[in-house]
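Chains as they are written, first to last, in the working numbering: chain E, 1 to 126; chain S, 1001 to 1106; chain C, 2001 to 2134.
No wet-lab data here; the hints were simulated from the structure.
Computed from a predicted model, the values in this text were never measured in an experiment.
Virtual Cβ for every residue (Gly too), placed ideally from N, Cα, C.
Among the clues, some could well be false.
[Claimed, not checked] Short, incomplete list of chain C residues facing chain E, as computed with Cβ under 10 Å:
| no. | residue |
| --- | --- |
| 1 | 2100 |
| 2 | 2115 |
| 3 | 2131 |
| 4 | 2133 |
[Said to hold, decoys possible] Derived list of chain S stretches under chain C, where covered just means 3 residues or more per stretch with a C-beta under 8 Å from a C-beta of chain C:
| no. | region |
| --- | --- |
| 5 | 1013–1023 |
| 6 | 1060–1066 |
| 7 | 1087–1093 |
[As the list claims (entries may be wrong)] Far from chain E, some chain S residues (derived; all Cβ distances over 10 Å):
| no. | residue |
| --- | --- |
| 8 | 1027 |
| 9 | 1050 |
| 10 | 1054 |
| 11 | 1103 |
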Amino acid sequence: MARYLSIIDSAYRATIEEQDDTAVWFTHAMKNGGAEVSILLRGDAVNYAVTQQDAKGLRFGSRAVKGPDLVRDIKAVVEKKIPIYAVADDLAERGIVSTQLIPGVETLPRGAIAKLIEAHDRVLTW
Amino acid sequence: MSKYVMIQSKSPWESGDLGHFYALARELGQGENEVTLFLVQNGVMAARSGATDVGLDELLGGKVRVLADDFSLRERAIETLRSGVRASAIDEVVDLLAGGAKALWH
Amino acid sequence: MATITLGIMDPPYESANTPTAFRLVEAAIRKGHNVNVFCYEGATALGYAGQKQHPNAVHGASLEEEDHPNPKDWVKALLAYAAEKQVKLVWCNCGLCVDERGVESQVEGVCRGSPVDAWKYCEASDGVILIGTE
Chain E
1 MARYLSIIDS AYRATIEEQD DTAVWFTHAM KNGGAEVSIL LRGDAVNYAV TQQDAKGLRF
61 GSRAVKGPDL VRDIKAVVEK KIPIYAVADD LAERGIVSTQ LIPGVETLPR GAIAKLIEAH
121 DRVLTW
Chain S
1001 MSKYVMIQSK SPWESGDLGH FYALARELGQ GENEVTLFLV QNGVMAARSG ATDVGLDELL
1061 GGKVRVLADD FSLRERAIET LRSGVRASAI DEVVDLLAGG AKALWH
Chain C
2001 MATITLGIMD PPYESANTPT AFRLVEAAIR KGHNVNVFCY EGATALGYAG QKQHPNAVHG
2061 ASLEEEDHPN PKDWVKALLA YAAEKQVKLV WCNCGLCVDE RGVESQVEGV CRGSPVDAWK
2121 YCEASDGVIL IGTE
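Kindly generate the complete structure, drawing on both the sequences and the hints.
Below, the structure written as structure tokens:
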């Protein structure tokens, strides 16, 4: 069975409508189906690893919008034993410190991405 | 040894993190791996003779093979390419995929 | 003969990624390979049967003269091309994405599936490429 690496850099795209990030969701669904998957958060998507994200409270007229719970979803990924990494350089460039990260998200330097890719058979670039 | 096809669809002037993609190509190209960087769509904008893109400069002449999609070149009237870039049909991407190359899209 | 799986995400008329994806599928079929296309999110509208051509007054072109492209026709044409070349082309939409967008009416030959189906296509393929969106 092939090992898949989902590299996610597109962030907060349609998350309000979808009530999740669809790349994270897709990868989780693959795992539920039996696939061997890992996730690498890079670029702005490293922000998915931050605690205290809150997209609740939107309302369009009478229609309340439930919104995504990305912290819940990333925690679920961790609990599902899906290895999840965030690029340390991207975190630092965005002023995100390690104490803000959801436990279980590992950080790795940008220079280690090539080795991570080499350790997987297929790459899904989101 | 693995084969990689890295497809660059954005120009360096529209994508702020293209330098990281170039760097990744260089890193994957170290050792025994065979890496092809395939420029397509606005990715070919950096391939025109006279274009200035430091990131691509650092790749050219190295181990990474740099190809530019012939249709995208024609679409943008790019006739003369920088040294080290070769025009190519998209068929080469298909050949690489059919041969089991790992593909990364940017 | 190899098998190639492409994942595509962009909706029609929004991105240069779309014709590139179709070009990859065409080239793969022409070279005698089997192809799986998994459409995720907006790409599920590529095969939407309700697409219509229009005239273009700025071009001074009638409906017939303009012959405006509808990607659903590209899907149909590639399915026919694969049959002609005696290779297999699977054009599979994410079912939930179809329902969200109300694009259930699809051209003949397009099927519905899930991420697990996409994974199975990948497992049975020599090469896999996902063309992500912005």
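Hint check:
no., hint, result
1, 2100, "holds (8 Å)"
2, 2115, "holds (4 Å)"
3, 2131, "holds (8 Å)"
4, 2133, "holds (7 Å)"
5, 1013–1023, "violated (count 0)"
6, 1060–1066, "violated (count 0)"
7, 1087–1093, "holds (count 4)"
8, 1027, "violated (4 Å)"
9, 1050, "holds (30 Å)"
10, 1054, "holds (18 Å)"
11, 1103, "violated (7 Å)"
Violation of the numbered hints given earlier is confined to hints 5, 6, 8 and 11; the remaining hints are satisfied by the structure.
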